[in-house]
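Participant: Go by the hints and put chain B onto chain A.
Just so you know, the sequences run in chain order A and B. 125 is the number that the working numbering gives the last residue of the first sequence; the numbers go up by one with no jumps. 310 is the number that the working numbering gives the last residue of the second sequence; the numbers go up by one with no jumps.
These are calculated hints, taken from the structure and not from any lab test. Don't take each hint at face value.
Claimed, not checked - Heads up, simulated DSS-like pairs for lysine-lysine below, C-alpha to C-alpha not over 25 Å straight-line:
#, chain 1, residue 1, chain 2, residue 2
1, A, K124, B, K237
2, B, K249, B, K219
3, B, K216, B, K233
4, A, K79, A, K120
5, B, K219, B, K238
6, A, K89, A, K69
7, A, K69, A, K80
8, A, K120, B, K237
9, A, K120, B, K233
10, A, K124, A, K89
11, A, K120, B, K238
12, B, K215, B, K233
Residues per chain, in single letters:
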Amino acid sequence: AQSVTQLGSHVSVSEGALVLLRCNYSSSVPPYLFWYVQYPNQGLQLLLKYTSAATLVKGINGFEAEFKKSETSFHLTKPSAHMSDAAEYFCAVSDEDSNYQLIWGAGTKLIIKP
Amino acid sequence: ETGVTQTPRHLVMGMTNKKSLKCEQHLGHNAMYWYKQSAKKPLELMFVYNFKEQTENNSVPSRFSPECPNSSHLFLHLHTLQPEDSALYLCASRSLWGAGEQYFGPGTRLTVT
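One chain only, chain B, in its complex shape:
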């Protein structure tokens, strides 16, 4: 499945580091999403972008900073994270003219030490 790609697949970072997650969709979609998936917790929607404009920010701490330069690319900039931010970060995209189905990347497994 190469419709939505995410890099890196695994990331270990210290609490004082700055890193970025990258997502790219090759499906011609116009909406992109960041989700956080922690063990034993429901899927958490973090950010939504429609046509490069942020339309939703679900009370995400400012140490997570999204960027959407165009409809195909989405970044999540990370700085001064906490150990509880360790999780699988999933990117998804969809067409705003569909029924709502989203297509997911493989995720980035983030460990904060």
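One chain only, chain A, in its complex shape:
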């Protein structure tokens, strides 16, 4: 069965520092992978998605993620954190076995220190 693991329920970085949020997945067939962001008391917003084209995917707000099949990972990065990046981030996977239903990670809360 598919699963998604996000390492770290909370990640704290200083403003201007590199943001790295980790996501590992399990899937026995080629996956599609997604990152979503959720600001307080709002819905989830799609940040970026991997759908088997380029392995490095660029998203909104300066975020990007790299699909690494050998590591079954899809980590989210941003070179320089802004205060406005403080939010919760969710990784999700879909594939043919799940009928393309999203399987969700538990989420990582990103805290930005001034």
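Facilitator: Here is chain B on its own, set in the frame of chain A:
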């Protein structure tokens, strides 16, 4: 973002009340979802509708009753709720011919007193 709208945004109800949550999608999608998001818990999928037909019910208590009259509208009827049902209820939609990405509404913050 107006692709998926939800009303009301906030709802306070007593345990004996009956209320309904409404979701509308303007994206031409053919699948709709209800999720429950509680503090410090993972996102919980409640119901899935494909082409107005319910395809998934994840052991949700019968005090939650979904309704999908067409591919653009989804309701969640609530009755005799418990305080532990207080949560953010999120609606989402997707195209069944996409890669699976879902588009979310802003949610309804429900408080049961």
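Participant: Look at each hint and say if it fits the structure.
Facilitator: Here's how the hints hold up against the structure:
1. K124/A - K237/B: 22 Å, holds
2. K249/B - K219/B: Given that 25 Å is the threshold and the Cα spacing comes to 15 Å, the pair holds.
3. K216/B - K233/B: 16 Å, holds
4. K79/A - K120/A: Holds, at roughly 23 Å.
5. K219/B - K238/B: Given pair K219/B, K238/B holds - Cα atoms ~23 Å apart, limit 25 Å.
6. K89/A - K69/A: 10 Å, holds
7. K69/A - K80/A: 18 Å, holds
8. K120/A - K237/B: Cα-Cα ~11 Å, so holds.
9. K120/A - K233/B: Judged against 25 Å, a Cα distance of about 18 Å means the pair holds.
10. K124/A - K89/A: Judged against 25 Å, a Cα distance of about 15 Å means the pair holds.
11. K120/A - K238/B: With a Cα-Cα distance of about 13 Å, the restraint between K120/A and K238/B holds, given a limit of 25 Å.
12. K215/B - K233/B: With a Cα-Cα distance of about 18 Å, the restraint between K215/B and K233/B holds, given a limit of 25 Å.
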